[in-house]
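Residues per chain, in single letters:
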Amino acid sequence: MVATAPQTAVRRRRRKPRESDTPTVGRSKTGTAVANTVGVLFAIVMFFPVYWVVNTAFKPAPEILQFEPTFFPHTFTLDNFKSAFNAPFFQQDLLNGVIITCGAVVGALLVGFLAALAIARFRFYGRKSIILVVLSVQMVPFVAILIPLFLMLQKVDLTNSLLGITLVYIVLILPYTVWTLRGFIQAIPRELDEAALIDGASRFQVFWKIILPLTGPGLVATSVYGFIQAWNEFIIINTLNDQAHQNLMAWLLQNQTSRGTFWGPLMAGSILTALPVVIFFLIIQRNIATGLTAGAVKG
Amino acid sequence: MSVVDSPSAPPAQQPPARVPAGGRARRKRRSATSGGFAPLVLTLPALLLLAGLLGYPLVRMVVLSFQSLGLRQLFGDLPATDVGLDNYTKIFTDETFYLVVARTVGFTVVSVLATVLLGLGVALLMRRVAAGVRIAMIVAMMFVWAMPQLVATQTFRWLVDSDFGVLNYLIDLLPGVDFANHSWFADPIQGWTVITTIVVWAGIPFIAITLNAGLTQVPKELLEAAVVDGASAWQTLRSVTLPILKPLMIIVTTLSVIWNFGLFTQVWVVRNGRPEDEYQVLATWAYSTAFKNNNYGLGSAIAVVTVLLLLGVMAFYMRQMFKIGDVD
Numbered sequence: 020m021v022a023t024a025p026q027t028a029v030r031r032r033r034r035k036p037r038e039s040d041t042p043t044v045g046r047s048k049t050g051t052a053v054a055n056t057v058g059v060l061f062a063i064v065m066f067f068p069v070y071w072v073v074n075t076a077f078k079p080a081p082e083i084l085q086f087e088p089t090f091f092p093h094t095f096t097l098d099n100f101k102s103a104f105n106a107p108f109f110q111q112d113l114l115n116g117v118i119i120t121c122g123a124v125v126g127a128l129l130v131g132f133l134a135a136l137a138i139a140r141f142r143f144y145g146r147k148s149i150i151l152v153v154l155s156v157q158m159v160p161f162v163a164i165l166i167p168l169f170l171m172l173q174k175v176d177l178t179n180s181l182l183g184i185t186l187v188y189i190v191l192i193l194p195y196t197v198w199t200l201r202g203f204i205q206a207i208p209r210e211l212d213e214a215a216l217i218d219g220a221s222r223f224q225v226f227w228k229i230i231l232p233l234t235g236p237g238l239v240a241t242s243v244y245g246f247i248q249a250w251n252e253f254i255i256i257n258t259l260n261d262q263a264h265q266n267l268m269a270w271l272l273q274n275q276t277s278r279g280t281f282w283g284p285l286m287a288g289s290i291l292t293a294l295p296v297v298i299f300f301l302i303i304q305r306n307i308a309t310g311l312t313a314g315a316v317k318g
Numbered sequence: 267m268s269v270v271d272s273p274s275a276p277p278a279q280q281p282p283a284r285v286p287a288g289g290r291a292r293r294k295r296r297s298a299t300s301g302g303f304a305p306l307v308l309t310l311p312a313l314l315l316l317a318g319l320l321g322y323p324l325v326r327m328v329v330l331s332f333q334s335l336g337l338r339q340l341f342g343d344l345p346a347t348d349v350g351l352d353n354y355t356k357i358f359t360d361e362t363f364y365l366v367v368a369r370t371v372g373f374t375v376v377s378v379l380a381t382v383l384l385g386l387g388v389a390l391l392m393r394r395v396a397a398g399v400r401i402a403m404i405v406a407m408m409f410v411w412a413m414p415q416l417v418a419t420q421t422f423r424w425l426v427d428s429d430f431g432v433l434n435y436l437i438d439l440l441p442g443v444d445f446a447n448h449s450w451f452a453d454p455i456q457g458w459t460v461i462t463t464i465v466v467w468a469g470i471p472f473i474a475i476t477l478n479a480g481l482t483q484v485p486k487e488l489l490e491a492a493v494v495d496g497a498s499a500w501q502t503l504r505s506v507t508l509p510i511l512k513p514l515m516i517i518v519t520t521l522s523v524i525w526n527f528g529l530f531t532q533v534w535v536v537r538n539g540r541p542e543d544e545y546q547v548l549a550t551w552a553y554s555t556a557f558k559n560n561n562y563g564l565g566s567a568i569a570v571v572t573v574l575l576l577l578g579v580m581a582f583y584m585r586q587m588f589k590i591g592d593v594d
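From first to last, the protein sequence lines are chains A and B.
For the record, in the first sequence the residue sitting at position 57 is 76 according to the working numbering, with numbers rising by one throughout.
For the record, in the second sequence the residue sitting at position 240 is 506 according to the working numbering, with numbers rising by one throughout.
Because the hints were derived from the structure by calculation, they are not lab data.
Some clues are possibly wrong.
[Claimed, not checked] Mimicking DSS-like on lysine-lysine, the simulated pairs with C-alpha atoms at most 30 angstroms apart in a straight line are: (1) B:K486 to A:K48; (2) B:K512 to B:K486; (3) B:K356 to A:K174; (4) A:K147 to B:K512; (5) B:K589 to A:K147.
[To be verified] Sample of chain B residues facing chain A (criterion: CB under 8 angstroms; computed from the structure): (6) A304; (7) T309; (8) P311; (9) R326; (10) M407; (11) Y435.
[Claimed, not checked] Not close to chain B: a few residues of chain A, all C-beta gaps over 10 angstroms, as computed: (12) K48; (13) T94; (14) F95; (15) T96; (16) K101; (17) Q111; (18) N179; (19) L181; (20) I229; (21) D261.
Given the structure is predicted, the values throughout are model-derived calculations rather than measurements.
We put the CB at the ideal spot given by N, CA and C, even for glycine.
Bound-form chain B, shown alone (with noise of 0.2 angstroms):
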């Protein structure tokens, strides 16, 4: 795509001397930059609808965060009274801001590691199997792929449901094990190993159909050098093919690690829209705060700390996608 792309790219980086055919490129150029008002006639609605609901809402809850507001202000309609960086103190001599820091950074590592682990596998074995299995893969990861996430995790619900889940059912089958009634969000540790399942059973699919599609970029005279060199199977994989991988490897992780840190909907949903303290990370912890104890101020907080704390993944990703050269 890049490659496609460059005749677009600015002009002023561009020396004369390695332009094919200098007419023609002069013409391209001068018909990319002019336009005058155009762009910014053209661009204007698309920058107000984002600066009205998404900028100023941005600047509004930095605002907040530095702010009192609760329904008395709300439904009395009175101003909100500054409290200077006490939201931020509050945030920070809470224990249970550090617990659910550790949460959700714990829940992050552990659950893209495995996704992107498994993806990874999954495209690799998408290139070993049988025809006939790699469509039945693929199938089963399309219908999973496109099952909205609320779907997704009221499925799970049932799935793991104490009285009547298959689950539970499927495991007492083994002999010597009781499972009939179990609860599975008591212990948090196994409520968050299904939240987790949850999260990766749904995160593959995207992982290893775009890892397979890198992998038809493998070139197989290399494959085959390789073994022929006598090369072994991790050697051939580790210096062959997840070099040519790793591009794609760096975006699928930094996405999944944005997405994944910020979850919510599955533990909101598998809470019943209350998570207890062991469940609660920081989106949910956020929302709770501004919504269930309408506290908006002190939410805000959190919320600015969220994305403080991603800011410098989100930074990564950015330069990624820059320095890949798809945006130009």
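Only chain A is shown next, with the shape it has when bound in the complex (with noise of 0.2 angstroms):
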């Protein structure tokens, strides 16, 4: 750490003009021009979808159900969220969402803090095969799982229950949960635990009164991450569980499926669910990245 400082500072001091002003050198004005062109395009094309689910959300049946489409709604309505909100089941899965969401992300969380604590600060027997654990079980498709699941979760009556989706969701987490919180515990310079052991600390103490602070903002971070994860599931709770207990997401399917489509409250209804993601999402965008790539970026 210690003599790795002054090179971080030097290439710091680099990086700094390099990113404010790109390098000019042989580029022509036409080429910039056309580079702008693609770029404005790139943009409108990717946002299409985003704004047209917006656009069509405030429009009133009858001008969602015309061959010309419309670009900004003619009359602006907000029926469609009001009937979206009093559908069947809405305001009973937006309930069921939050309660197994937060409940994921809270057991997540606790249990994975202590675990990547463990990784983070001790070197142990079996450390690395559970790393290799915790990296590899991300990558199993769910649906491998989902049928033992279905069956074990069965047996013991847990299907059809908040509980039993609250479990699965903590596991479903877990894996990135303890990953991420492993590198901003490895971010805390262990000088600190020293000195506070040296100090007369116990490791108690050490972990509640210097780590857990100082891992204040990737414990934010995480279960933020975590919070998406879980809301956004709805193959496995449409799967475990009947109609009184699935999440939103799982309405937003069984909207589709059971009578037909009604565009306009599909949309409002994506939008009502989407939100809290987008909003957390747009937040903490910055540690997803890293998270899944961390340690690829070297300077």
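With the hints as a guide, bring the two chains together.
Printed below as a string of structure tokens:
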């Protein structure tokens, strides 16, 4: 750590100007104009579906159901949101979703933090295998374990319950939680632990008074990502639970299959369902990218 | 990151001569190795949960794949009957299996290539455009990235709706083209084009933004030197930029392969939960077999084969993560 510090400083000092002024050598004006045009077109094409959801959600039904679409609602209405909100099971599923998601996030954080602590701060037999397990379970296609999971939970009467699905979601987000928290804890200089230990603090006090407060931002970012994952899941819950125990995503799925498609309410429901995720995501997006590829970007 | 992490590397691999301050490092090592029962206690809850709800189901899946289990056993509370390799024989002698595997692999190759190449293109473009344009690109991509898979798929279902979808209207505007009431899913090739578009559209932001971050690591001096030496833009890209991006490219490509190979949501939703034969991929096929046809044994066998097919890619990903040094 001590040896590498000056190196980092140099790197940082040199990188600054590079980011602000892009190299201009060998770049023609026409080339830049073309690049800008393509960039704008790309942004429009990417954003179009998002815009179209919002556009549709505020239109009355007759304006939606015409071949020649209007690119802005001629008559602005909130009816679609009302009918989505008052649709069968919407409010129930909203409540379920909040309970399940929060339960899963809290559970995964508690369990995950302890495990991350062990992996980041101790060397012990089997440590590498635990990392291996944590990394690999993230990649198993969920369908693979869905069949035995269904049979298993059915046997112990945990299907059609909020508890069963919460446990499943804890496990769903646990690997990522452990993995990211491990990174955050490792970023805390070990010297801090040592100083506290020398000053007579117990191991527990070190965790409680030094590591936990310093991991604060990491805990927030990790729990938000866990929230997004649990909130977005709908296939497992749709398979394991009956209609009274679904979440909002599963509601969005059933809303489509059971009674044809009412595009207005479906788009309004989509917005309501996606809103918390989009907001949270925009807040923590930086951490998500680094979590998935951590270490691959090297100076 | 790996540079900063190196003091915590296993002490055995570190010759004392290379340690700058001997005493300091030794103290660090001791605190890193000690712990006694603490790590065990700390990891126990996580291990128990993972073992119970992931490990056991995985084992059970393998066991199930050698059994016959249907509704009769499930509701009659009868034990599953062992059928040996019957499920596997059934899969490997079924022509559908080879078609489904070919379709899954084909989709994976096309969608990953498209996502990575377009993502790389966008990342390079982002270095070239004006600041305002770059912000517009990032904002658009953030919204796309944040969109839940299900919501994104529902949105595209609406965009390509045969009666009132905006896509048909826009294509219909072209002179001499009649796309009114065009159904995009009647022809599997068009249907797969739509599915691939959804996946690529949703996948570009992660890759473009990650690679763009990687591009900031390419030293400006090297690029300028290349230009001074008379290298063309293509030569600079191939010989300077891409080699530096390579580790990052490998990671995002591998992740895309793992994700896209497990394609489920998009197919499931655009086909209303009942994919026709031409739309089945491995994940949907396993799911339909188990939960729609109530053949849990056969479904498990398909799932096992799916995992085995992915195993090579997963091992490769893991090796990369270890090699890069993030896992110490």
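Tested hints:
Distance hint between K486 (chain B) and K48 (chain A) is fulfilled; the C-alpha atoms sit about 20 angstroms from each other, no more than 30 angstroms. Restraint check for K512 (chain B) and K486 (chain B): the C-alpha separation of about 17 angstroms stays at or below 30 angstroms, so the hint holds. For the hint linking K356 (chain B) to K174 (chain A), the alpha-carbon distance of about 28 angstroms falls within 30 angstroms, and the restraint holds. Note on K147 (chain A) and K512 (chain B): the hinted pairing holds, with a Cα-Cα distance of about 26 angstroms set against a maximum of 30 angstroms.
Pair hint K589 (chain B) plus K147 (chain A) holds up; C-alpha atoms about 14 angstroms apart against a cutoff of 30 angstroms. Checking A304 (chain B) against chain A by beta carbon gives a least distance of about 7 angstroms; that is within 8 angstroms, so the hint holds. For T309 (chain B), the shortest C-beta to C-beta distance to chain A is roughly 5 angstroms, which falls under 8 angstroms, so the interface hint holds. Interface hint status for P311 (chain B): upheld, as the beta-carbon distance to the closest one in chain A is roughly 5 angstroms, under 8 angstroms.
A cut of 8 angstroms between beta carbons decides the hint on R326 (chain B): the least distance to chain A is about 4 angstroms, and the hint holds. Taking 8 angstroms as the C-beta cut-off, the interface hint given for M407 (chain B) holds, the closest approach to chain A being about 6 angstroms. With 8 angstroms as the threshold, the beta carbon of Y435 (chain B) comes within range of chain A, its nearest partner Cβ sitting at about 6 angstroms, so the hint holds. The Cβ of K48 (chain A) sits about 12 angstroms from the closest Cβ of chain B, beyond the 10 angstroms cut-off, so the non-interface label holds.
The Cβ of T94 (chain A) sits about 16 angstroms from the closest Cβ of chain B, beyond the 10 angstroms cut-off, so the non-interface label holds. The non-interface label for F95 (chain A) is consistent with chain B: the shortest C-beta to C-beta separation is roughly 19 angstroms, beyond 10 angstroms. Once the 10 angstroms rule is applied to beta carbons, T96 (chain A) is consistent with being away from chain B; the minimum gap is 17 angstroms. No Cβ of chain B comes within 10 angstroms of the Cβ of K101 (chain A); the nearest lies about 19 angstroms off, and the non-interface call holds.
No beta-carbon of chain B comes within 10 angstroms of the beta-carbon of Q111 (chain A); the shortest separation is about 18 angstroms. With 10 angstroms as the threshold on Cβ separation, the claim that N179 (chain A) sits away from chain B holds: the shortest Cβ distance comes to roughly 15 angstroms. At roughly 16 angstroms, the least C-beta separation between L181 (chain A) and chain B is larger than 10 angstroms, which holds for a residue marked as non-interface. At roughly 13 angstroms, the least C-beta separation between I229 (chain A) and chain B is larger than 10 angstroms, which holds for a residue marked as non-interface.
At the 10 angstroms boundary, the C-beta of D261 (chain A) stays outside the reach of chain B, the nearest C-beta of that chain being 14 angstroms off.
Figure legend: structure checked against the earlier numbered hints; every hint is met.
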